[in-house]
Amino acid sequence: MLREFVPKTRLRSDALTVEALLDDLESRYPRLRSKLRDETGALRRYVHVFVDGENVSSSTALATPLSGAHTVDILHSIAGG
Amino acid sequence: MAETKVRVLVGTRKGTYIAQSDAGRKRWTVGPVSNAGRDIFHVAPDRRHPGTLYAAVNSGFWGPILYRSKDYGRRWEEVATPLSPKSKDRPSPFDEDPAHPTVRPVTNLWHIEAGHPDEPETLFVGADPHMLFRSDDGARSWAPVPGINEHPTKAKWNPGFGGPCLHTVMVDPRDARRMYVGISAAGTFRTDDAGVHWRPTNAKVEAGFLPEKYPEVGQCVHHVVFDPSDPSVTYRQDHGGIYVNRHNMEGNWDRVGKVRGGPKSDFGFAVAAARSRPGRAYFVPLEGEARTTWSGGLQVWEWNDANRSWRTLMSPKKFPGDFGVQREGLACDERDPAGIYVGTTTGQLIVSPDAGKSWLQVPYAFPSIHSVAVA
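So the protein sequences, as listed, match chains C and U. Using the working numbering, you'd call the opening residue of the first sequence number 3 and step up by one each time. Using the working numbering, you'd call the opening residue of the second sequence number 73 and step up by one each time.
Chain U on its own, in the form it takes in the complex (with noise of 0.2 angstroms):
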């Protein structure tokens, strides 16, 4: 029988919230913070095993904590951390060998990722500084991955404002071997071995704040997501604009930002697309120093890759204000017509359930929110 209720998993700034809906997703209710005062980054389902939902917690006092949930986020526990190797050493940051990095301690976590369904323990997280972690034994324990965690080109990246953080991990679900991760600012990178080598995959995304245009590596990504119906298309919001590629990352990225019709401002941090709107993402166009909406509210913009347009989703009347999204702030879920939700930094969750037609403000006053996902 299908599953009736709608969940979707708030990351906030002051903890964890799910709400909940039936499949109409018109009326919401709100249950009580868990993880209470402390800054989640992104709560996210492990769809392979339902009920199970993993928690990004950071807190300045206790450091990085993973928490899981087996029931849908009515009781927590604390998993196994990724963290660091200990090391005693802390040589001064200016003395750093890029040939042999210093064992940085773990500030934050950023992103959980479930692995590919034929590996049903295996999970990923992407931490800063510019870390990913792999666990294939649900989340017991956690390994760092060298071959990005030292890649190469490490000392060409740099941190961007929300610090050093690899923040986007995807497995390519028709390949367990094939994964790509995002991490600012160094770029996106690519492995078709399991995470033992990585290649950049950055052609022709702008960095316009580096002196070459178009370097190899050290643009500053904010979020990618997969077409879902296609995951050889990934659809890009960098901090040089919006941008699709076609090819598994490969050749040179569409900056689509730019077409005639679209947003006057590229920049902005999230990026969504539904599995029932094939070819079609989802954006939240900010305007570039401030970091909030323009025009006096609240925007969301679809692109359509088949004919290459833009089209404005939601009149800035709708929800007037000046509003940040963050780059897990921005969602879609598996039913049609496609439920689209934005979690805002002033703490409103916004949905459309009809693939941007109407849309609704789920009746509950956030804390600022970082991340939103449907389980």
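Next up, chain C with everything else stripped away, as it sits in the complex (with noise of 0.2 angstroms):
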């Protein structure tokens, strides 16, 4: 679903938080902002945010430090009818 704003489905990023990386996203991909998080920053709804497989999509995970090598998804749900 994110390829209609972002062209690849594998990025690399120096971000050293998960707040961080998805202001590198927006910024890369201009189409991107304001899709994954509304304006206070929280994530929407259907968002989902794991780290090496861990779900951090809570506002406060978002703070998720990120220093060395990790693997962050980015997923929506599978809703809606």
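To be clear, the hints were calculated from the coordinates, so they are not data collected in a lab. A portion of the hints provided could be inaccurate.
Only part of the chain U face toward chain C is listed, based on derived beta-carbon distances under 7 angstroms [claimed, not checked]:
| id | residue |
| --- | --- |
| 1 | W134 |
| 2 | G135 |
| 3 | A152 |
| 4 | L155 |
| 5 | S156 |
| 6 | K158 |
| 7 | S159 |
| 8 | W229 |
Sample of chain U residues with no beta-carbon within 12 angstroms of chain C, all distances over it, derived [stated by the list, open to error]:
| id | residue |
| --- | --- |
| 9 | V105 |
| 10 | R140 |
| 11 | R176 |
| 12 | P236 |
| 13 | T263 |
| 14 | G323 |
| 15 | D326 |
| 16 | N376 |
| 17 | A437 |
Ideal Cβ positions, reconstructed from N, Cα and C, are used throughout, including at glycine.
From these two lone chains plus the hints, build me the complex, please.
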């Protein structure tokens, strides 16, 4: 689903926190702005972020540090009808 | 040379459609869906720029996004979307201080309105929660309109059943500085200084769900339109009935929904008026609790303000069933005889090419229709 706004499915970033990673993505792909997070910086309802397989989608967990190598997955819930 | 094509812009729960016909408006084709799967609350033409359309595209996944087409809907591009200022503050709504309202994220875009012809790059978007935005650069950027977004009466506003939305935006064609907005559930407001100051315009509009029957604000207006041939006249479909105001929304509203010979219920959402039918307005009255038509079929009613009378334009036997029509689900075109267009929540697009004398259904099963407009 994200491919409408981000042409690649795998990216590298030097961001030091999850929040900084999202900022980095939005600066590289401007159409992503406001799509993953609302104006308060909270993740939109169906957006989930996993760091090394752990769900960090609460707003406080956006501060999760990323120093060193990590795998971050940004996924959407299957929802709707 | 006069434009021969008639295009009806259909905003649905699952995308945007364009239905096309010739001037006869009897044979219709429907183009492929755009913005597939997204909740399109409103599709609106910008007649100052022929071919230009805007779509209020709402998505549970991506949030609100504004799209524009410059070729009558063949191709769409994302343009700047009006959003609240960024803020990391999220206090509990129970701690809200009405004197210092919290900045809230835009949840949905509800209505797009082109500005006055003298201001060809100006646009307005109504959104929830209870917000108006203005662009003066053709949707490259947006600014909130604090005069209404932070109105002194805001502590008395409530959400409507569909959410706390600013859903109606009207620019007076005679004066770019005069505008009206409709808000659920706050009522209508008017500005005469291009949005700096606004005053409520709800005199004698009933709010039966509040302790005070005729409050200054708090009404759940559903939709309001100008009489295109005389914009000092406005027609209002409110939760509390059908009303007319004949003096630029000054003074009392006249509840014409209770005039003898009218519909048995003057509840509803939609209202429209046609330039070639001065002094008339069209409504789809609904049963108040079910929010669907009664009498076993779709009905469209015409109010004649000149002789204060009602008539029904459609027998319920014509389209049997239980129909819902939302606030943007009724429109008229600029032609003579007037075309009248009804979009239902069960996905039917019903057309009259002759001001209500006859009716046909466009042969296409749409998803639930939120809005119809004519480009």
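Structure-based check of all given hints:
With a cut of 7 angstroms, the hint placing W134 (chain U) at the interface with chain C holds, because the nearest CB-to-CB distance is about 5 angstroms. Against a cut-off of 7 angstroms between C-beta atoms, the interface hint on G135 (chain U) holds, since the closest Cβ of chain C lies about 6 angstroms away. Interface hint at A152 (chain U): violated, since its Cβ lies 10 angstroms from the closest Cβ of chain C, which is beyond the 7 angstroms cut-off. The criterion of a C-beta within 7 angstroms of any C-beta in chain C is met by L155 (chain U), whose closest approach is roughly 5 angstroms, and the hint holds.
Here the hint on S156 (chain U) is kept, as its CB sits about 4 angstroms from the closest CB of chain C, short of 7 angstroms. Taken as an interface hint, K158 (chain U) checks out: its beta carbon lies about 5 angstroms from the nearest beta carbon of chain C, inside 7 angstroms. Interface hint status for S159 (chain U): upheld, as the beta-carbon distance to the closest one in chain C is roughly 6 angstroms, under 7 angstroms. Below 7 angstroms, beta-carbon pairs count as interface contacts, and W229 (chain U) has none with chain C, the closest being about 20 angstroms; its hint is therefore violated.
Distance to chain C confirms V105 (chain U) as a non-interface residue, since its nearest Cβ pair spans about 15 angstroms, more than 12 angstroms. The claim that R140 (chain U) lies off the interface holds: its Cβ sits roughly 14 angstroms from the closest Cβ of chain C, which is beyond the 12 angstroms cut-off. The beta carbon of R176 (chain U) sits about 8 angstroms from the closest Cβ of chain C, which is not more than 12 angstroms, so the claim that it is off the interface is violated. The claim that P236 (chain U) lies off the interface holds: its Cβ sits roughly 16 angstroms from the closest Cβ of chain C, which is beyond the 12 angstroms cut-off.
Listed as outside the interface, T263 (chain U) is consistent with that label: its C-beta sits roughly 25 angstroms from the nearest C-beta of chain C, beyond the 12 angstroms cut-off. Distance to chain C confirms G323 (chain U) as a non-interface residue, since its nearest Cβ pair spans about 39 angstroms, more than 12 angstroms. The Cβ of D326 (chain U) lies farther than 12 angstroms from every Cβ of chain C, with a closest approach of about 41 angstroms, so its non-interface assignment holds. With 12 angstroms as the threshold on Cβ separation, the claim that N376 (chain U) sits away from chain C holds: the shortest Cβ distance comes to roughly 43 angstroms.
Interface exclusion of A437 (chain U) from chain C stands, the closest Cβ pair being 17 angstroms apart, more than 12 angstroms.
In summary, the structure is inconsistent with hints 3, 8, 11 from the numbered list given earlier, while agreeing with the others.
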